[in-house]
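Letter by letter, the chains look like this.
Number of protein chains: 2
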Amino acid sequence: MHTIDAPDPTASPDDTGLDPARWDRLQALGHRMLDDMFEQLQTLRERPVWRPVPEEVARRLSVPLPRRGIGAEAAYEAYLRDVFPYPLGNTHPRFWGWVLGSGTPVGVLSELLAAAMNPNLSGLRSGAIHVERQVLAWLKEMLGYPATSSGLLLSGGSMANLVGLAVGATARAEFDVAAEGWAAAPRRPVVYASAETHFSVEKAVRTLGLGTDRLRYIPTDAEYRIDLAALDAAIEADRRAGLHPLALVGNAGTVNTGAFDDLERLADVAEREGLWFHVDAAFGAFAALDPELADRVRGLERADSLAFDLHKWLLVPVEAGAILVRHPEAQRAAFRVSGEYVSHVAGGIGKDSTEFAELGPQLTRGFRALKVWMSLKAHGADAYAALVRRNVEQARYLARRVTEHPQLELLAPVPLNVVNYRFDPGDLDGGGLDELNHDILVRLHEDGIAAPSHTRLGGRFALRVCITNHRTRRNDLDLLLRETVRLGADLLEGGEPASFS
Amino acid sequence: MHTIDAPDPTASPDDTGLDPARWDRLQALGHRMLDDMFEQLQTLRERPVWRPVPEEVARRLSVPLPRRGIGAEAAYEAYLRDVFPYPLGNTHPRFWGWVLGSGTPVGVLSELLAAAMNPNLSGLRSGAIHVERQVLAWLKEMLGYPATSSGLLLSGGSMANLVGLAVGATARAEFDVAAEGWAAAPRRPVVYASAETHFSVEKAVRTLGLGTDRLRYIPTDAEYRIDLAALDAAIEADRRAGLHPLALVGNAGTVNTGAFDDLERLADVAEREGLWFHVDAAFGAFAALDPELADRVRGLERADSLAFDLHKWLLVPVEAGAILVRHPEAQRAAFRVSGEYVSHVAGGIGKDSTEFAELGPQLTRGFRALKVWMSLKAHGADAYAALVRRNVEQARYLARRVTEHPQLELLAPVPLNVVNYRFDPGDLDGGGLDELNHDILVRLHEDGIAAPSHTRLGGRFALRVCITNHRTRRNDLDLLLRETVRLGADLLEGGEPASFS
Chain C
63 MHTIDAPDPT ASPDDTGLDP ARWDRLQALG HRMLDDMFEQ LQTLRERPVW
113 RPVPEEVARR LSVPLPRRGI GAEAAYEAYL RDVFPYPLGN THPRFWGWVL
163 GSGTPVGVLS ELLAAAMNPN LSGLRSGAIH VERQVLAWLK EMLGYPATSS
213 GLLLSGGSMA NLVGLAVGAT ARAEFDVAAE GWAAAPRRPV VYASAETHFS
263 VEKAVRTLGL GTDRLRYIPT DAEYRIDLAA LDAAIEADRR AGLHPLALVG
313 NAGTVNTGAF DDLERLADVA EREGLWFHVD AAFGAFAALD PELADRVRGL
363 ERADSLAFDL HKWLLVPVEA GAILVRHPEA QRAAFRVSGE YVSHVAGGIG
413 KDSTEFAELG PQLTRGFRAL KVWMSLKAHG ADAYAALVRR NVEQARYLAR
463 RVTEHPQLEL LAPVPLNVVN YRFDPGDLDG GGLDELNHDI LVRLHEDGIA
513 APSHTRLGGR FALRVCITNH RTRRNDLDLL LRETVRLGAD LLEGGEPASF
563 S
Chain X
63 MHTIDAPDPT ASPDDTGLDP ARWDRLQALG HRMLDDMFEQ LQTLRERPVW
113 RPVPEEVARR LSVPLPRRGI GAEAAYEAYL RDVFPYPLGN THPRFWGWVL
163 GSGTPVGVLS ELLAAAMNPN LSGLRSGAIH VERQVLAWLK EMLGYPATSS
213 GLLLSGGSMA NLVGLAVGAT ARAEFDVAAE GWAAAPRRPV VYASAETHFS
263 VEKAVRTLGL GTDRLRYIPT DAEYRIDLAA LDAAIEADRR AGLHPLALVG
313 NAGTVNTGAF DDLERLADVA EREGLWFHVD AAFGAFAALD PELADRVRGL
363 ERADSLAFDL HKWLLVPVEA GAILVRHPEA QRAAFRVSGE YVSHVAGGIG
413 KDSTEFAELG PQLTRGFRAL KVWMSLKAHG ADAYAALVRR NVEQARYLAR
463 RVTEHPQLEL LAPVPLNVVN YRFDPGDLDG GGLDELNHDI LVRLHEDGIA
513 APSHTRLGGR FALRVCITNH RTRRNDLDLL LRETVRLGAD LLEGGEPASF
563 S
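Order-wise, the sequence lines are chains C and X.
The first sequence begins at 63 in my numbering and counts up one residue at a time.
The second sequence begins at 63 in my numbering and counts up one residue at a time.
Be aware that a few hints might be false.
In this list, chains with the same sequence are indistinguishable; a pair is considered to hold if it fits within one copy or across any two.
What the hints assert, rightly or not - Restricting the straight-line Cα-Cα distance to at most 25 Å, the calculated cross-link-like pairs of lysine to aspartate or glutamate (DMTMM-like) are:
(1) Lys413 with Asp509
(2) Lys202 with Asp414
(3) Lys202 with Glu391
(4) Lys202 with Glu326
(5) Lys413 with Asp283
(6) Lys202 with Asp289
(7) Lys413 with Glu391
Simulated from the structure, these hints should not be mistaken for laboratory data.
Since this is a predicted model, take the numbers as computed values, not measurements.
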């Protein structure tokens, strides 16, 4: 029949497109990259956690557009010289800043496979679609969320919060907001969340056109959990003022301290008041994996929408997060699509071409499901349960060590994996302590020793350690405290701390 | 000094975390994956473009959550059996459906490097940040967009349209919409776009709470370009009705036919009327690379915001797109962030921790910049210019071949790289032709021959070929037409077309 493989008489030398003229050379380069990567992963512990990008490197990364290519090998040399030596540090055993996963080798290799297949998971038919469906089913099973819910993998928690609230806003509006827009609202919408809520909720409220003035930040108790009486009062006041209580955000693991709102009680409030109940469980969702911790997330399964990350405690490389929604029709109503070019056909690639695109803002969607699928198959859910337990035990250990040390102060309860502390030599006022601990933080980073981040709790500058890191050992935490005290003392004496070597 | 490398007396066997117990074995697996991948990339042309996922495979991809891991090697075996054989097809030389890039080997290897470094590009300091800044500068230079503009890499065109319109809506609202929300609008906002506009604009308008009822789809001329008189009339009517003309969307390369609106004239209208001028240039932006095609995008540089994809004609693996905004302060106003845990410090990793997070909806952001940087360094911008020209010439060649064939009909002009045609044996009515061409499309896919997609133009079902594929050769296009005619004739006779082998 037709000659698929016949040489093309019209082929010119550049008809190889952007494939290499010499496959063997590019393949050898790929193997070299892999070896370099494995060497680096195995020697992480010997390296500084972080180092700044030198000026001359920054200059080489700020040059005009290359018109002519230098080839893959030379491009890799440039990468090795100017990019590779300056990682963020989150793959290192002593990185505990913000909430970043450390990644896993299996996750890294999965990204290679995904990029080579390079599918679009809008819904166009391929094996990849089945993998994403499978991963979503597994995530529901892991977290005890209803199997009948809809869901979507996306870039991370910020987008998951945006999608969850978009669905809720559409579902609980008192009119056809998709068609008419909020300008047609008979009453102005209000969203409730604790004062400890991640700022991505505020960004979502702004992006959705709801207005951040009516995002009510409800005070928290001494354990940083939403004050339920204050919440009730706020809802009542808003109703009296003629506003429309629309949605309630619960936190499962706050970013500052890892606190859990009482999700059961919040679900009751939402039910009683007709509010959409969205839960931000960015990393706290995974407490569900451990029997002792699972009570913290009781009520999670009642959320109308549930947002969480996979590049945090599931440790896959960025980007990966998920949104689950109890009401599939509501999710589709918020993001449905039209257009002749996506209309379905009876067979072939385009049969259900928008299965996933109609559940979120993206049309073209990458194969982030693969790294989750490979990770759960290779390691099993129990390994993640063990990791969560280990990180939580490490946090408790660190908190205990802080408490035992006369010059260290624990600044917040430790309900999960986040520890806030500071160095306090005993003879400084609040401002002086803040400045000192700020300087300790900068030295910990710039000397490459360890990477906590910081926050403020009750106005006090806190060194913040969030452990979502499978490479951390207890002696890494011992080292952190030893270095905190050493740097604190050195800074007080005005001496230059010894540099890391 | 402190003992970074001392053995940890507390280390238990599972203190390797999710790193392998045997690095050498995982490294060997990585090399095997690379070899399998290179073998597959080099033999794409010999393979079917696509094949459906068999029922038994789908069943194996729908099983309960694995509690215990099977290890990376067994997980890869499962991948090889159940996922790898069922790609979407867009890496194949004869895939021209929707608008999907074919990917490049350099792009694939870059994803491996990016996943191994695994940084978060919220703005936290690392080499990766410099790479994204560099890539954004290069993209501005490629497209002739002002160097003073702000910008952001994101998942693709849908998100770029959302971000561009979010910035525009915030900037051109007549009040503080971020704080008050659209419910406080004195006049209802209106957005204008041609009837050929991609549905992601409608999704963005819905998500932003603007209301799709006031997304005015302006008719197009015979060449699918926005009708400027109709646009003027619509704006005037809305002003008379007391509405607020807010934003205007221009198209540079429509999805159906590759049409370009007159961007200069649209920029004039926007300026005169005080509208935010957003341009969706998903793939059409790259016409700027070719001197002969560049006149099509004249006016692009006047857009207030400019959205385009990098996983289409820049061919990097999904996901990658970009938004550029002429007014950096406006972009920050729409997405600025707050929160103690992102407050800046004087040094270390968190010095400018939200540089990019305050320009878009994501906080955690992956290192998609690397694949763009490596691709432009390795291949050079001129290689992409040559590819754009070649794909456009291939589209013209295909259109000519269609026109010359007595049983094929060209259904739309071909201003760029999109060709719409159908098989017309001459004795069928409209409905019959639609059905026949639908069936031809399904057979082209299901027999693994070629992958155009489809659309409807003037109510007629069109086979749609969009060439953003560096692997396509002219004889691939010859084969498509030959097979279209063969399948059409076979289907008319009621016979089963020969299967692909």
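Can you give me the call for Lys202 and Glu391, within, between, both or neither, at a CA distance of at most 25 Å?
-> within (18 Å within a copy, 41 Å between copies)
Homo-oligomer pair classification [Asp283, Lys413; C-alpha up to 25 Å] | neither (52 Å within a copy, 31 Å between copies)
Using 25 Å as the alpha-carbon threshold, which applies to Lys202 and Glu326: within, between, both, or neither?
-> Answer is within: at 18 Å inside a copy they meet the 25 Å cutoff, but 50 Å across does not.
Is the C-alpha distance from Lys413 to Asp509 at most 25 Å within one copy, between copies, in both cases, or in neither?
-> between (56 Å within a copy, 15 Å between copies)
Intra/inter-copy verdict for Lys202 and Asp414 if alpha-carbon distance must be at most 25 Å | Cα proximity of Lys202 and Asp414: one copy only (23 Å, versus 36 Å across).
Is the C-alpha distance from Lys202 to Asp289 at most 25 Å within one copy, between copies, in both cases, or in neither?
-> neither (29 Å within a copy, 49 Å between copies)
Identical-chain pair category, Lys413 with Glu391, by Cα at 25 Å | Only inside one copy: Lys413 and Glu391 sit 20 Å apart there, 43 Å across copies, limit 25 Å.
Violated hints, listed in ascending order, are 5 and 6; each of the other numbered hints is respected by the structure.
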